[in-house]
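Student: Protein sequence lines, in the order shown, are assigned to chains A and B.
Quick note, this note's numbering runs 411 ahead of the 1-based positions in the first sequence.
Quick note, this note's numbering runs 1 ahead of the 1-based positions in the second sequence.
One or more hints might be untrue.
Calculated cross-link-like contacts (lysine to aspartate or glutamate; reagent style EDC-like; alpha-carbon spacing at most 20 Å) [claimed, not checked]:
{"#": "1", "chain 1": "B", "residue 1": "LYS446", "chain 2": "B", "residue 2": "GLU386"}
{"#": "2", "chain 1": "B", "residue 1": "LYS526", "chain 2": "A", "residue 2": "GLU907"}
{"#": "3", "chain 1": "A", "residue 1": "LYS445", "chain 2": "B", "residue 2": "ASP487"}
{"#": "4", "chain 1": "B", "residue 1": "LYS480", "chain 2": "B", "residue 2": "ASP433"}
{"#": "5", "chain 1": "B", "residue 1": "LYS480", "chain 2": "A", "residue 2": "ASP904"}
{"#": "6", "chain 1": "B", "residue 1": "LYS480", "chain 2": "A", "residue 2": "GLU449"}
{"#": "7", "chain 1": "B", "residue 1": "LYS369", "chain 2": "B", "residue 2": "GLU359"}
{"#": "8", "chain 1": "A", "residue 1": "LYS743", "chain 2": "A", "residue 2": "GLU708"}
{"#": "9", "chain 1": "A", "residue 1": "LYS450", "chain 2": "B", "residue 2": "GLU486"}
{"#": "10", "chain 1": "A", "residue 1": "LYS445", "chain 2": "B", "residue 2": "ASP518"}
{"#": "11", "chain 1": "A", "residue 1": "LYS895", "chain 2": "B", "residue 2": "GLU216"}
{"#": "12", "chain 1": "A", "residue 1": "LYS445", "chain 2": "A", "residue 2": "GLU473"}
Calculated from the structure, these hints are not laboratory results.
Bear in mind that the values here come from a model prediction, so they are computed numbers and not experimental data.
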Amino acid sequence: MLFGCIYVPNFSVAAVLRSEPELRPRPLALIHGKPPLEKIFAVNSLAESSGIGPGMTRAQAEICSSLVLRPRSALRETAAHAALLDAAQSFSPLIEDAAPDTILLDLTGSESLFGPPPVLAAGIAGRLSQFSLEGRVALASNLDAALLAARGFPGVTVIPAGQEAERLGPLPVEVLFAPATGDATTKDSATNSLLDTLDRWGVRSLRSLAALPEISLSERLGQRGLSLRRLARGLSQRTLAPFEPPVHFEEAVELEHPIVLLEPLSFLLNRLLEQLCERLSARALAAQELRLALELENFPASNQQPAIKNQPYFRRAVRLPLPMLDTRLFLKLLQLDLNAHPPGAPIVKVFLAADPAPPRPAQGSLFQPPAPEPEKLELTLARIRGLVGEQQTGSPHLLDTHRDGTFQMQPFEVSEPTPARKTSAQPSPDSASDIATPFPLTALRRFRPPLVAVITLENGQPARMHCDSLPAAGGEQACLVLWKAGPWRSSGDWWEHDAWARDEWDIALRNETRIAIYRLVHDLLNGGWFVEGTYD
Amino acid sequence: MPFIELHARSAFSFLEGSSLPEELVSTCAALEMPAMALLDRDGLYGMPRFHMAAQKARIKAHVGAEITCTLLSPVILSGASGSSEPFAESKDLHPRQSAGGTGFPRSARNNNTVGLPAFCLPLLVASRAGYQNLCQLITRMKLRAAKGEGCAQVQDLEEFSSGLICLTGGTDGPLAAALRTGGIDAARRQVECLMYIFGSGNVYIEVQRHFHREEVARNRAAAELATSLHLPLLATNGVCYAQPQDRELCDALTAIRHHRTLATAGRLLARNAERHLKSPRAMLALFADHPEAVSHSLELSSRLEFALNDLGYQFPRYPVPDGETMDSFLRDRTWEGFHQRYGRATRDLQTRARRQIERELALIAKLKLAGYFLIVWDLVRFCREQNILAQGRGSAANSAVCYSLGTTAVDPIGMELLFERFLSEERGEWPDIDLDLPSGDEREKVIQYVYRRYGERGAAMTANVITYRNRMAAREMGKALGFDEDMLRKISSAVATWEFRDHNDALDRRLTDAGLDLSHPRLRKYHELCVAVQDIPRHLGQHSGGMVICQGQLDAVVPLEPASMPGRVVVQWDKEDCADLGIVKVDLLGLGMMTALKDSLQLIRDHYHEEVDLAHLPADDPVVYSALQTADTVGMFQIESRAQMSSLPRLMPRRFYDIVVQVAIIRPGPIVGQMVNPFIARRQGREEVTYPHPSLEPVLARTLGVPLFQEQLLRIAMIAANFTGGEAEELRRAMGFKRSQARMQEIETKLRAGMTRNGISPQAQEQIILSITSFALYGFPESHAASFALIAYASAYLKSHYLAAFTAALLNNQPMGFYSPATIVKDAQRHGLKVLPVDVTCSDWLCTLETVPGIQCPVPSKTSAPDGHKNIALRLGLRYVRGLREEAGQVLVRERTRAPFTSIDDLARRVPELRHSDLTTLAEIGALNSVASAQWPVGRDTKINSGIATHNSQLRHRRDALWQVQRATRPAGPLLNHLDEPDSSSPLSRMSDEERLVADFRGTGLTTGPHPVAYRRAWLNAMGIRRAIDLKQIPGGRRVRIGGCVIARQRPGTAKGFLFLSLEDETGVANAIVTPDVFHQNRLLLASEKFLAIEGILQNQDNVISIRAERVQPLFITRAETTSHDFH
């Protein structure tokens, strides 16, 4: 039996260096968090020797003038991990994806292909270099010994069978607890407590752990202690958990002649969708997301989307509110999307993929009021999105602020009806509506965006208004303000970039037929006047 | 037309206002308002400061408060009981009379207010009766609920309404609440209800305008109600801060109060910045449609007659037997005491004392203070009966009457102390008597005695207002701005500054050090908020010992509220506020050293079999003075600090008065006043004794022409500038009062004028003024120094003669003093005391003494000591085991007394209170090494006594114990749980010296083994690092290197940026002085390294050795977490 382990220390830094190898000779630090409170997440050895370490703030790290700062990139880490898998798979079909930075390989029988273990190990290390990754490689006759050796020893290590305990002996006990996430800072409390116990016992190397008597150890640390002891002695009998590549639902078609119009493309898409839906249906799955990639002829460089293997692709994704399986609906959605976002060049290849998910239960609740079919609703929404833009659709949610008319669009969600929740924020004394009032309510019809107005003041109060966009207030002579109320003053967000302060006035102007009442706003910070709406 | 603001909150509304009362007053003065009212939330917390500031600015300070209420019953609100019937009578203009005292309609009495919104009822005080009612109302609602909660109920308002004027409030007032809930009809009923309670002439309909839309309807309704109910409209601004820009801080405090961030607080924050103090003109413009609402503020102000200087406070009378008056009773007690105190004194002293006592008694009688003296005498008598050490200090030590009564222990006649300092005919305030008591249970006993004696409403603790300082400001403002926990930790540790601050210590610099980029607008705001919130009150705490006592009801003088400690009641003012308003306080101060002295006496009794009487210690003991002269004073009261140690060998104390001087001289006052060096030079005969003016010779002769005590400065003022006793007292108050720079300047002018009249030269004037102004920083009165010197002498005596007992007592009362327990232990060991480690087979919870044959305990060479002294060792107590709860420790001791532990398993089983972590720590520090096992000692050459190892047995090592603990604390399951597992041998190796050190410091914070530096001595020698003990032999001016564990870092405010470091090694302590330049170059090293090597020039000034640091290096001695006492 021969097993191998590939381990890339400081993985997130290695992932960045893989895509930007020119940064290798420079001190590099990865930052994480939201500005202005970003912190250093990981550093390379050059940065470390300059005194930069994880946990520092960006401002502290920037003291080192030669330091290069990059944001931590999940995308690059995913790519590096994929490369790691590729490298491993080029030596063995049986691999285990142990962690983002660790791959285990079953290399039994591969000596005849790649040479004796030392040559084989060097070969793996060489392959990693080709993939621009600096990793450690260890070969041993059991899986865990290879793993521990890769984590503990730099470079390439080959442990002959029978020498595991001896070779692993000098390693610190911490190698037994390397977290599966690859993030060295996350250890659970049980692990910390175990490490603490071992430290108090003076057991700091695998050798001393291996030397503890088995029964006494089990009395003190239980099965976990025994398992660690076995690991320390290189006696693990664990088998490899082979890595199964994820189930992909992808279809593609290559065209003899480039397509320019959407109609023939629809025909092709329909075919691909039928195939995909067939496959999904065979596995009792539905689609949660459709991803379309179109390879274009003479793809304009300025429009280039992130592409795999440097191919020019035009990409679109349609995220569905719930898993569905309806070819006609999918086709319609794709058509609407492409209408709104045309590819802009002739198409030479079409790739279509679906992200699978279990389908939603078919039956609703007995007392649930009838709602539109989610499929139809989604289709309608897609049409609206196509017309008004993605940021303009959804349900508006008022924000808890004194800033007038502030809201946020949130995507529609299909959910079970829930009882009305209490609002968590209680309004301030200032904002409380004072009166359960018998007074009639008036509605404000807002102008979006507000209309710019020119105001003539008398005694600090608006006396005349000129506004081109309002027929009543435009014309050659500015309209006289007949009546006014205000100002209503508000300001806020003074701790942010976009602090605001404004005075509101309600003014009455005479137009051709009647007297109209407008809401006038004076921006106290920037000085402009605006008509924000009219009262019905 | 003028306007007066009658509804304002200050920062004393605790997170609901952002300006201090003084800021409100100064803004009010700038706006030329003749008066103002402060209505803090549910209290009169800021009122004394408001009153004092207003008095100074010649503004009338009206008193009031906003009271949280749930006034309306549902019946009234809904009008279900029929609006015509219950309120038929309330429509009468004088409903109180017509109600015939039967009170409130029954529907409102049902107290069924659950679910109704609480609101704030603004109340203004019109008369003293009103003030007393307001205090009692607040007290009632506060004491009824938990700390920080409570609201007034209908019955309370009804009971305490007399003399109060009620406003209808702003957004959170009763009118707005009613409008919100039930519209105009409910509002009308609400106002009628208030008219019923307070009388229709005492209700004002309040209108506020903050440019809110919502206010328009409310104000319209208010005007309508005012007209229909014939009530006056009153314009106010519902002020929460003095200036518009203070709104930002107010918003931040709101976010903190609601545990939100500014970003998530949303509409909890203010809508705009209009709640500031507005000028009369602005208010008139704002209420142009209701000018009468503005003018009513003036009219109402004229109705508010009460001011805070009319409190009606009376100190309680002491009950005396029939036929006696308090004066006669006091006289008898004094003369009784006189015979004890002066019975053996010289005739001359007796005569002087008799004369002084007569004078004092006459003055006491004249000022009607006999009751006060008797009450303090009664307290001291109680202490004596309960065998509690008590000693008066403060200005009381100037009084021969106090000395005769046994209240103080210093003879004021013998020491020629100034009686005027204690009591003066001119000033209208109470004398100051502080009692030092052992801290802890015994002090609590005395406090509870006071409560018992004067009743729950007759006595209370004074408050301690907790205000925002750097660290809390940085933390809470960071939270408000949404910083994460990690960042907050980083910032709060960065803003911890030394006492001395220079431009490098400014807050912005510290924040930059923490890695914040202050050019970012959000972080710039953060910095501004941190600065703005400094000194703003955060919450109310309890003063450690100040008590106020009152004749009759204290709650009619100041509101009381529950303290967080059960059974304690606290007044809403701090002790300075109480003093300002002439409320007498008795300080019952817990002094750790008093407890230590008392514990020492008990230990001496038990182990040395001797009785030591602190009142009759041998005077001028040569061993004590020898220790003082060589600055061998670790652990001694008040004379152990680094600065004290460096002046002791220069002052060479030889008699008790030298200790009094020693205690007083190392204080910021004398240091800044440049009095220390002249005094030392004169004492050493290197400088001639001169006086600023010949007339001052009698005052300054005792201190060689250098003023060291407050009394001397007062006398100088009296002689040189013709100050009267009262004026001198005013000067003392100004010196001791922290908010008094302007006051000090006024006095300075008066002083100069007086001195010029007396022909004192300008140079001498400057010198005198410098001395006096320096004392404003903090200096001791002689009487106070003398009281402390007595305790200092006692502690020195006990340390010199009963080291083991004294050290044990000191360790049992930590934290106290200047040094950590680790340093105290090392110092005791260097003096030859055997300190034994914690051992569960013999340690008690506290440190104890053990008689161990063969151990030589040091005995002072010049005294003869019984043989029993020679074999006493100190055993560390279980209290030093980190994380171990006292309950578990006590159970362990109890179980051990019942039967010895046969194994660690036995221990774990019999003391289930011991957690796994406790047992692990005990094992790690070696405390389980002697727990025996039936199997364990076999084969290890161990002496077994019935299966139990004795002290002579071969002990297991710490890792053996750790090995057993791990098994003993794993659950064995129900079948095997009751079985006692014998200990088995462990495969673990012994701890190395380094591991033992790490374990000792981690588990107990100290080591009883060799000093960490001792293990590395050879290496340190090779580096040329000298031992502390060897420095004496090196002549001054040589370059040397010292190294050791940093035990103290100090950067005093008086030392111009110098840092003083103390490095301890196995032979003693070496001191280094770091100049500001070297400090800034090595800031991080000096602030954080545990072991340092310092190279510099050795200075030896009169046997005071220090190294002037030039280079600083970190030393790696051990990983052990040693501690340093840093003075931030």
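Student: All hints, please: hold or fail.
Tutor: Verification of the supplied hints:
no.: 1; hint: B:LYS446 to B:GLU386; verdict: holds (12 Å)
no.: 2; hint: B:LYS526 to A:GLU907; verdict: holds (9 Å)
no.: 3; hint: A:LYS445 to B:ASP487; verdict: holds (14 Å)
no.: 4; hint: B:LYS480 to B:ASP433; verdict: violated (42 Å)
no.: 5; hint: B:LYS480 to A:ASP904; verdict: holds (16 Å)
no.: 6; hint: B:LYS480 to A:GLU449; verdict: holds (16 Å)
no.: 7; hint: B:LYS369 to B:GLU359; verdict: holds (15 Å)
no.: 8; hint: A:LYS743 to A:GLU708; verdict: violated (25 Å)
no.: 9; hint: A:LYS450 to B:GLU486; verdict: holds (13 Å)
no.: 10; hint: A:LYS445 to B:ASP518; verdict: holds (14 Å)
no.: 11; hint: A:LYS895 to B:GLU216; verdict: holds (16 Å)
no.: 12; hint: A:LYS445 to A:GLU473; verdict: holds (16 Å)
Consistency note: the structure conflicts with the earlier hints numbered 4 and 8.
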